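All chains, full assembly: derive it from the sequences and hints.
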Amino acid sequence: MSELSQGIDGVAVEAVDAWVVALDVGGSGSRLVAEFGNSVNPERISLSGRAVKVNHHGSDASAVVASLCQSFNAWAARMGHHGMSDGSTAPVSSAAVGVTGLTSLVEKPLDIHDILARELRTNRTAVAGDALTAHLGALRGRAGAVLSVGTGAVAFGYDGVNRWRRADGWGHLLGDLGAGVWVGGEALRAAGRYHDGASRGASKRLLEAAVAKFGLIESWPNQFYKNAERAKQLASMAPEVMIAAAEGDGTSIRILEEAGRHLADTLASALGRDIPPLASTTGRLVQEESPLTVSLTKHLSEDRPDVSLVPSQGSPLDGALHLARRLREAPHSVTGFRPWLTIRVDGHHTSRDTPEDVGAADVLTAQLSATDLPGDELQ
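Position in the sequence shown (from 1) plus 70 gives the number in the numbering used here.
Don't take each hint at face value.
Claimed, not checked - Pair ranges (Cβ atoms, derived):
#1 E358 with I115: 25 to 33 Å
#2 R188 with E113: 19 to 27 Å
#3 H402 with L286: 56 to 64 Å
#4 E317 with E399: 44 to 52 Å
#5 D87 with E358: 37 to 45 Å
#6 S118 with A213: 29 to 37 Å
#7 Y295 with E358: 30 to 38 Å
#8 Q357 with D416: 35 to 43 Å
#9 P112 with R270: 52 to 60 Å
#10 N232 with D416: 14 to 22 Å
#11 I115 with K274: 13 to 21 Å
#12 G271 with A298: 36 to 44 Å
#13 L286 with R148: 25 to 33 Å
As the list claims (entries may be wrong) - Below 30 Å or equal to it, Euclidean Cα-Cα: the simulated DSS-like pairs (lysine-lysine) are:
#14 K296 with K274
#15 K123 with K178
#16 K296 with K178
#17 K274 with K123
Just so you know, the hints here were simulated from the structure itself, not pulled from any lab data.
Treat the numbers as computed from the prediction; the structure is a model and nothing was measured.
We put the beta carbon where it would ideally sit given N, CA and C, even for glycine.
This is how it looks when you write it as structure tokens:
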């Protein structure tokens with residue numbers, strides 16, 4: 071007999087006869103995917119939504135989640151597809167969402183559980199940061215560590231049972247070493263050194279690129295120091311460094327090589343000694359071979375020769391879908407990692423939630439997606 075799922079109205083529905091819903095909500099767009107039926111050959115639909123918006127109050131990710139869920143309900147009603155007996159909503163056994171900026175820009179992350187429960191009428195929900203769903207997607211839920219590199223950099227290690235481990239993700243003032251914001255900052259320093267006539271660590275090529283992007287160097291302090299979007303602005307220089315390095319600019323090559331060393335350290339830290347030696351990377355900066363990826367691979371193999379570095383096998387949306395499936399099949403086996411991942415089953419957070427990751431909710435946490443750079447298309 072198939073497992074029974076209790077809806078918020080008290081009606082029990084068979085898990086295999088209900089939808090499993092996953093969402094990925096980011097700074098360049100959002101998506102929802104839903105599956106109906108068994109895991110071997112499920113029926114599947116996909117919907118797209120808008121990107122989250124950020125203002126001085128934070129992110130409106132909660133509104134995006136609600137809108138996508140409402141779009142799913144409208145689709146089901148329009149299609150007359152697997153609706154409840156009263157025709158109100160489609161039965162949903164479980165739902166999971168990965169959200170950009172969850173720990174720093176979303177004012178009340180736990181409210182997203184309420185939105186999922188209310189809109190989808192399910193009591194099995196998971197809310198995670200997009201870097202954590204990136205892990206689950208990249209390794210298809212297997213144990214190991216995944217490094218997400220975009221504007222910021224954060225790595226998560228998972229033992230496959232109940233233990234998560236985090237490295238970096240401290241934001242551009244305290245961390246994000248090797249990420250887009252770090253690469254962009256180093257590029258502007260190299261540009262400034264050339265402007266000042268320094269002989270070491272200077273780059274005429276990067277100065278030209280930075281002036282074209284930001285204007286005269288004399289205007290930079292005012293642009294950056296007073297800008298709440300400083301991290302995003304700095305990270306926008308990272309693609310320029312990649313281009314300059316490909317053209318042979320020595321300073322750009324050295325910046326990327328140093329970034330790779332930092333990222334290898336972060337990935338090795340997330341693995342620790344208690345995480346199986348399997349690793350992957352996600353994000354625009356590590357998608358194609360460059361001095362950064364060569365350096366990352368080299369330093370990781372030197373520091374941890376036992377680790378297998380494998381290509382990413384899925385997206386953050388795939389990771390959210392993995393979470394939703396787990397909640398359908400074995401809800402009490404899914405372990406939380408606050409504030410990066412919270413699980414709610416039957417109106418209560420699972421008792422096996424691990425202790426809160428101290429400091430992760432601080433305002434200095436990376437304020438943008440760890441998997442996207444400014445201008446990235448949603449993947």
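Hints, one by one, checked against the model:
1. E358 with I115: 25 to 33 Å: holds, 32 Å
2. R188 with E113: 19 to 27 Å: The hinted range 19 to 27 Å holds for R188 and E113, with Cβ atoms some 24 Å apart.
3. H402 with L286: 56 to 64 Å: With a Cβ separation near 60 Å, H402 and L286 satisfy 56 to 64 Å, so the hint holds.
4. E317 with E399: 44 to 52 Å: Holds: the Cβ-Cβ distance is about 51 Å, inside 44 to 52 Å.
5. D87 with E358: 37 to 45 Å: Because 43 Å falls inside the window, the suggested range holds.
6. S118 with A213: 29 to 37 Å: This hint holds: roughly 32 Å between Cβ atoms.
7. Y295 with E358: 30 to 38 Å: Given range 30 to 38 Å: holds, Cβ gap about 33 Å.
8. Q357 with D416: 35 to 43 Å: holds, 40 Å
9. P112 with R270: 52 to 60 Å: holds, 58 Å
10. N232 with D416: 14 to 22 Å: holds, 19 Å
11. I115 with K274: 13 to 21 Å: Check failed, 52 Å falls outside 13 to 21 Å.
12. G271 with A298: 36 to 44 Å: violated, 29 Å
13. L286 with R148: 25 to 33 Å: violated, 55 Å
14. K296 with K274: holds, 26 Å
15. K123 with K178: holds, 15 Å
16. K296 with K178: Holds, at about 26 Å.
17. K274 with K123: violated, 36 Å
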